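What follows is the residue order along each chain.
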Amino acid sequence: MTRKKKFLLYALLIVSSFVMFFPILYAFSISFMQGGEVLRGKIIPSGLSFTNYEAAMQKVPLLRYLFNSFVVSTLIMAGQVVFSCLAAFAFTFIPFKGRNLLFLIFISTMMIPWEATMVPNFQTIRALGWTDTYAGLSVPFFAMAFGTFLLRQQFKTIPLEMYEATQVAGVSRFQFLWKVVLPVSKTTLVTLAIYCFLNAWNMYLWPLLVTNDERMRTVQIGLKQMQSQEVSTEWGVVMAGAVLVILPTLILLFAGQKRLQEGLTRGAIK
Amino acid sequence: MKAIDVSNLNKAYRGEDMVLEDVSFDVQQGEFFVIVGPSGCGKSTLLRIIAGLEEISAGTLYMNGEEAGSKRPNERQISMVFQNYALFPHLSVRENILFGLHVKKIAKQQQQERCLEAAHLLGLDELLDRKPRELSGGQRQRVALGRAIASEAPICLMDEPLSNLDAKLRTKMRAEVRQLQRRLGMTMVYVTHDQVEAMTMADRIMVLNEGSIQQIGRPLDVYNYPQNLFVATFIGSPPMNITKTTRKGRRLQLTDGWTAAAPDLTEDVYAGVRPEHLTYAADAPPSFFATVEHLEILGTETLLMFRMNGELWIAKWPGQWDFREGQNIPLKVADDHIHFFNAATGERIGSRPLPAGLTMEAAL
Chain A
1 MTRKKKFLLY ALLIVSSFVM FFPILYAFSI SFMQGGEVLR GKIIPSGLSF TNYEAAMQKV
61 PLLRYLFNSF VVSTLIMAGQ VVFSCLAAFA FTFIPFKGRN LLFLIFISTM MIPWEATMVP
121 NFQTIRALGW TDTYAGLSVP FFAMAFGTFL LRQQFKTIPL EMYEATQVAG VSRFQFLWKV
181 VLPVSKTTLV TLAIYCFLNA WNMYLWPLLV TNDERMRTVQ IGLKQMQSQE VSTEWGVVMA
241 GAVLVILPTL ILLFAGQKRL QEGLTRGAIK
Chain B
1 MKAIDVSNLN KAYRGEDMVL EDVSFDVQQG EFFVIVGPSG CGKSTLLRII AGLEEISAGT
61 LYMNGEEAGS KRPNERQISM VFQNYALFPH LSVRENILFG LHVKKIAKQQ QQERCLEAAH
121 LLGLDELLDR KPRELSGGQR QRVALGRAIA SEAPICLMDE PLSNLDAKLR TKMRAEVRQL
181 QRRLGMTMVY VTHDQVEAMT MADRIMVLNE GSIQQIGRPL DVYNYPQNLF VATFIGSPPM
241 NITKTTRKGR RLQLTDGWTA AAPDLTEDVY AGVRPEHLTY AADAPPSFFA TVEHLEILGT
301 ETLLMFRMNG ELWIAKWPGQ WDFREGQNIP LKVADDHIHF FNAATGERIG SRPLPAGLTM
361 EAAL
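These protein sequence lines are chains A and B, in that order. Numbering-wise, the first sequence is residues 1 to 270 according to our numbering. Numbering-wise, the second sequence is residues 1 to 364 according to our numbering.
Watch out, some of these pointers could steer you wrong.
[Stated by the list, open to error] Each pair of labels, with its calculated beta carbon distance range:
| hint | chain 1 | residue 1 | chain 2 | residue 2 | range |
| --- | --- | --- | --- | --- | --- |
| 1 | A | Leu63 | B | Pro89 | 40 to 48 Å |
| 2 | A | Lys156 | B | Leu220 | 53 to 61 Å |
| 3 | B | Glu16 | A | Phe106 | 27 to 35 Å |
| 4 | A | Lys5 | B | Ser163 | 44 to 52 Å |
[As the list claims (entries may be wrong)] In silico lysine-lysine, DSBU-like type, Cα no more than 35 Å apart, as pairs:
| hint | chain 1 | residue 1 | chain 2 | residue 2 |
| --- | --- | --- | --- | --- |
| 5 | B | Lys108 | A | Lys97 |
| 6 | B | Lys71 | A | Lys186 |
| 7 | A | Lys179 | B | Lys131 |
| 8 | A | Lys156 | A | Lys186 |
| 9 | B | Lys71 | A | Lys179 |
| 10 | A | Lys179 | B | Lys108 |
[Unchecked claim] So these bits of chain B aren't anywhere near chain A, every CB distance computed over 12 Å:
| hint | residue |
| --- | --- |
| 11 | Asn74 |
| 12 | Arg147 |
| 13 | Phe289 |
| 14 | Met305 |
| 15 | Gly350 |
Treat the hints as calculated values from the structure; they're not laboratory data. Given the structure is predicted, the values throughout are model-derived calculations rather than measurements. For each residue, glycine too, the CB sits at the ideal point set by N, CA and C.
Whole structure, please, built from the sequences with the hints as guidance.
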């Protein structure tokens, strides 16, 4: 590539990444602005003060919300990964009658929107007395057709001979899953885990439905509360809250970026 | 003692397609038994049945004197080497060789000893800490063998283990596997589609075609006395030349001027001649004349192709022979080198090396 071409390419990349990143940068900058600055359309805050962050922490129990979100997201992530693994293993390695049909039906549940099952789910949770609990917030999400599908595709790349070799050696199915299948599928597992965590972190409707207690609410609800509690929303405070909320997910993404990329492009190039 | 005894075994999928039909044979302890046949003949299925990875539809399977048909693979005291080696990519060579030993409750100390022993035997000492992807094809093959050795199972099953290697390496590994089996005294059941592997490695060969046994015997017996047309054309490279004959009184005519004493049979007869038994009739009266169609001079030997009643025949002579295409040459075949087969059934007519079904014990 010539120098000129390289220059053009990087210029284009910088401009487009700035466009993509602008909302977040702007939110970050607003979080430092005082009162009227936002409405005057300023882009750079006049000074660096953390008063908005303090206000955000005081207005709603943000730390408590962060903790709740963290617990719920971790539970959902763990549950989804575990159950998807077990289901995908059965759909790949254990032959039984009607396996493909069952898998097809299982996959077809992806076409049912989550909102359609919300009411029966809510009734179940209430009947179990699980409202305002972590179980109520996380258990309904454990079964995941997409995760099962993704992992089944991954598991299918493992030669059947490996399974047979373990059978000849006398290694149990669970040990085969634990010692061979999971380590070999590490990349896909990490991808799935991050995906699950982010999805759970961004949940809004379900936590709103099953929690009434302030102490059980999650961060997304907290953000909404900041907006509606005020007559005229203090955007600086809201943005400060938003920055605090996306921080954990950003950290997670940075940490898992390499694996995530590998996982998402894996099927494409092989 | 019989290590494996199979009788009247049938295998069918979904109750329809017969993959194996009425298969009976036995494998002696310490024997190198090769199952050979074209692809799709059911040889891999048979091996997987012995391993316990497939179920029997009908018939019995005894291993080491015990009924084994309903046992799980790990209860059959076997080790298995797969065509793609089935190595675990995330484990080192050492862990691959030792995989599964912990289940058998073998002490750590002893595990390590076995691993080192197997590695030493196969020349893997330097590679124990590498991952399979850092190994060459031949080394991977050795690791797979190492796993079979370390398990110390008395019976080893191999499913086309050399077919992923290049020709040179294959020749080398062929000798290695054979020597290893002799030294360790294990019983080997070896599946291949390559008749050269079968001929060079086996104590006994079983030729399989379309799910049924064609012939069982020592390699040279199978080569010298093929029991039917399939075996005659499958074993040997180039294959046996076959032609139809016409009856001329008490003699059979193979081609113009070439007749042989007719076997005591009224049906149509095919005659077969091995390529190396077609010799150049320099002084002796020739059996027949042939027109050279094509010539392949390989250095150590010369392949000469000509037409015999429309069929392509090949003669194989040692050394370098220089003929021109289209040349008419005299050829000689000794009478006792002509094989006869019943045209209708394909069965061999006349002499047999051993009565069918005789075991190795009796043969030795």
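Hint check:
no.: 1; hint: A:Leu63 to B:Pro89: 40 to 48 Å; verdict: 44 Å, holds
no.: 2; hint: A:Lys156 to B:Leu220: 53 to 61 Å; verdict: 45 Å, violated
no.: 3; hint: B:Glu16 to A:Phe106: 27 to 35 Å; verdict: 29 Å, holds
no.: 4; hint: A:Lys5 to B:Ser163: 44 to 52 Å; verdict: 49 Å, holds
no.: 5; hint: B:Lys108 to A:Lys97; verdict: 41 Å, violated
no.: 6; hint: B:Lys71 to A:Lys186; verdict: 34 Å, holds
no.: 7; hint: A:Lys179 to B:Lys131; verdict: 16 Å, holds
no.: 8; hint: A:Lys156 to A:Lys186; verdict: 14 Å, holds
no.: 9; hint: B:Lys71 to A:Lys179; verdict: 24 Å, holds
no.: 10; hint: A:Lys179 to B:Lys108; verdict: 18 Å, holds
no.: 11; hint: Asn74; verdict: 3 Å, violated
no.: 12; hint: Arg147; verdict: 8 Å, violated
no.: 13; hint: Phe289; verdict: 54 Å, holds
no.: 14; hint: Met305; verdict: 41 Å, holds
no.: 15; hint: Gly350; verdict: 44 Å, holds
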